[in-house]
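Colleague: Residue numbers (the numbering used here), protein chains in the order written: chain B, 2 to 257; chain R, 200 to 642.
Keep in mind that the hints were calculated from the coordinates and are not lab data.
Any given hint could be a false lead.
As a list, the in silico DSS-like pairs of lysine-lysine whose alpha-carbon atoms are at most 27 Å apart [what the hints assert, rightly or not]: (1) B:Lys156 to B:Lys197; (2) R:Lys492 to B:Lys113; (3) B:Lys132 to B:Lys198; (4) R:Lys580 to R:Lys492; (5) R:Lys610 to B:Lys156; (6) B:Lys187 to B:Lys226.
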Amino acid sequence: MSDVILSVKDLTAEVDGNPILKGFNLEIKAGEIHAIMGPNGSGKSTFSKILAGHPAYTVTGGEIVFQGQNLLELEPDERAKSGVFLAFQYPLEIPGVSNVDFLRVSYNAKRKHEGLDELDAFDFDEVVQSKLTLLKMDPSFLNRSVNEGFSGGEKKRNEILQMALLEPRLGILDEIDSGLDIDALKVVASSVNALKKPENATLIITHYQRLLNYITPDVVHVMAKGRILKSGGKELALELEAKGYDWVLDSQAVGA
Amino acid sequence: MTIQSTLSDVGNLGLSTKVDRAAYLLGLLSLRSELPSELAGLQEIRDRAFSVVRDRAIPSTREEEWRFTDLSGLLQVQFQNSAPSEIGFPQIESFLLPESTNSRLVFVDGVYAPALSAVDDLPDGVLVGNLAAGVQLFPKLYEHLALHPGGEEIFTALNTASFTDGAIVRVSQNQAIASPIHLLFVSTQEALCHPRALVVAETGSSVTLVEEYVSLAEGAYFTNPVTEIWLGENAEVRHTRVQRDSVAAFHIGKTAVSQARDSRYDCTAVSLGGKLSRHHLEVYQTGEQTDTKLNGLTIVDGDRLGDTHSLIALSQPYGTANQVNKTIVSDRAHAVFNGKVFVPKAAQLTNAAQLSRNLLLSPKARVDTKPQLEITADNVKCAHGATVSQLEDDEVFYLQSRGIEADQARKLLTYAFAIEVIDRISVASLRHALTQLVRIQSA
Ligand SMILES: Nc1ncnc2c1ncn2[C@@H]1O[C@H](COP(=O)(O)OP(=O)(O)OP(=O)(O)O)[C@@H](O)[C@H]1O
Ligand SMILES: [Mg+2]
């Protein structure tokens with residue numbers, strides 16, 4: 002049996018009065034991996050940030066139900082604690098906040114939410130070290146400020162490290178593969194695969210079919226101008242890579 | 200730049216007349232005690248300062264330099280002479296630095312406390328002591344004491360006219376002292392005091408100085424300190440100045456620094472206490488290739504005011520100056536920063552940068568910041584700027600998206616803003632103590 006984890010219906014949203022999402026529909030079931038591809042500016046990141054609860058975006062219509070709950074009612078931290086995780090396309094640098102402190106506070110917030118005891122620095126270190134090994138990350142990252150001075154690839158790995166610690170029900174990876182060399186890509190892909198469980202789901206936003214060689218999607222969607230225009234199996238990604246987006250946009254224009 | 204969300208409701212100084220303010224200042228002057236015989240050589244300097252103060256008044260907000268810092272609250276407080284409290288180690292234990300067990304001077308209510316101080320086993324050529332004793336060992340003291348420009352400033356002159364002892368630190372040529380020298384000024388009662396310190400780092404010497412103002416009482420005392428620092432050629436002074444006075448206290452302090460060629464002065468000034476606190480920080484570069492680094496952090500809450508007035512005067516080629524002043528202002532508190540940097544014609548090929556960063560945590564918090572670069576040299580690199588902000592929404596959101604509540608996220612970010620300054624402090628125990636304090640203040 003496959004439960005619906007995320008159901009998005011007719012979602013419309015705007016930023017500063019400009020409509021960006023224009024009737025967005027998506028359903029993700031437990032155990033599934035979905036991929037969204039689409040041209041620049043089509044609203045992929047906007048959608049992912051709306052899921053996470055970014056205050057800059059205003060939802061003007063439609064609904065988002067996450068595990069039976071109206072997600073739009075929840076504060077961003079409540080969404081995270083109930084299992085939504087967004088790996089950002091552009092992870093923020095936060096000078097002065099040490100990475101390890103940040104990770105521990107975040108990890109403990111989740112534990113507290115689940116009614117578990119918070120871990121002290123010592124016990125947490127054990128947990129985080131094992132994840133670092135998995136991600137082939139240098140422990141020295143822990144003592145630096147969050148993302149400050151990290152290379153593009155290091156920032157992406159740091160996002161995955163957070164995901165590995167928080168073990169979300171729904172992981173959204175926004176261009177996690179951009180700026181990664183092939184070795185780093187394999188590491189990231191294998192840790193995403195390692196987190197895969199029948200009760201979890203993953204949404205991958207990408208421009209490149211390359212990532213999908215390592216993380217096999219169940220469903221691929223094409224997004225443009227604020228909507229999903231076409232959905233298909235993993236072969237759709239290959240087709241998009243070969244032919245570009247225009248044929249989808251064109252056929253949509255004809256069909257509309 | 201003035202950022203303010205509501206009209207200020209302070210400022211009844213208009214009601215006090217100049218006559219009142221002059222009389223009050225004379226009253227402060229009348230509390231001074233006799234100069235001890237050891238320091239008889241100071242008499243002339245003292246008399247000169249006295250005559251400067253005698254004809255003046257406590258400044259009003261009509262004076263440009265005091266526009267944002269209203270001293271009318273001070274006029275409400277009357278001080279009397281009283282003997283310094285008898286205190287022992289238990290009361291000051293939490294302030295002691297293990298790095299400075301043998302290089303510490305303690306002053307209680309402005310009076311030297313030999314029993315609490317420890318200056319044994321100092322390396323040859325290093326003198327750390329009180330002025331009255333130090334003058335025997337270092338007669339050249341008179342070539343340095345009260346000789347900085349800016350001595351006519353009213354509170355500086357009040358100190359010079361009033362102090363009867365102080366701290367002397369002298370590191371002779373090419374000496375380096377590893378232990379930080381800790382000057383601890385403890386207030387225990389509602390008194391007026393004029394702490395004085397003189398630091399002479401001779402050619403090629405190196406020293407770390409911790410100057411700290413703390414209190415054992417939550418009263419409305421008034422501390423009016425002056426510290427003078429002289430760096431000889433190629434000397435290096437790392438200076439941490441910590442003001443953790445009572446939140447009811449008045450603190451108006453001066454740090455005056457002169458730097459000979461090739462010298463390096465690095466100051467981290469942290470101001471946490473005081474109902475009203477003001478720090479005058481003045482650095483005079485007097486030789487070529489002189490390097491000045493100033494980092495400041497002021498945290499004010501309630502209806503307190505924290506003010507930094509700084510001056511960096513370059514004068515020779517190849518000088519560098521780098522200043523970052525941060526303030527964190529919450530509730531109805533008020534922070535002031537006025538930073539002058541002078542780059543005259545002779546100071547070619549210099550590089551000066553100044554940044555004022557201010558974090559307002561509540562709608563009624565206020566900051567007045569005025570970076571002032573005056574450049575007449577033409578071949579220089581200079582940058583300055585000021586930012587006033589609430590916490591970045593994006594940063595708060597990033598933390599929230601990891602399950603951290605908005606409130607806690609803001610605290611974490613506020614803490615981070617402050618800790619960047621604290622982390623510069625090289626004395627580990629002090630750094631840890633201040634980290635704790637900042638953690639509590641931003642919690
Ligand atoms: N905070 C914002 N303020 C103003 N405009 C925004 C904001 N966020 C997104 N937009 C606009 O919304 C549109 C969609 O942007 P979005 O980042 O969601 O696209 P995307 O599909 O992720 O593109 P890419 O593939 O380049 O990452 C763009 O036109 C963008 O300029
Ligand atoms: Mg995007």
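Colleague: With reference to the structure, classify each hint as holding or not holding.
Modeller: Here is how each hint holds up against the structure:
1. B:Lys156 to B:Lys197: Holds - the C-alpha atoms of Lys197 of chain B and Lys156 of chain B are around 22 Å apart, at most 27 Å.
2. R:Lys492 to B:Lys113: violated (44 Å)
3. B:Lys132 to B:Lys198: holds (17 Å)
4. R:Lys580 to R:Lys492: Distance of about 16 Å is within 27 Å: holds.
5. R:Lys610 to B:Lys156: holds (23 Å)
6. B:Lys187 to B:Lys226: violated (31 Å)
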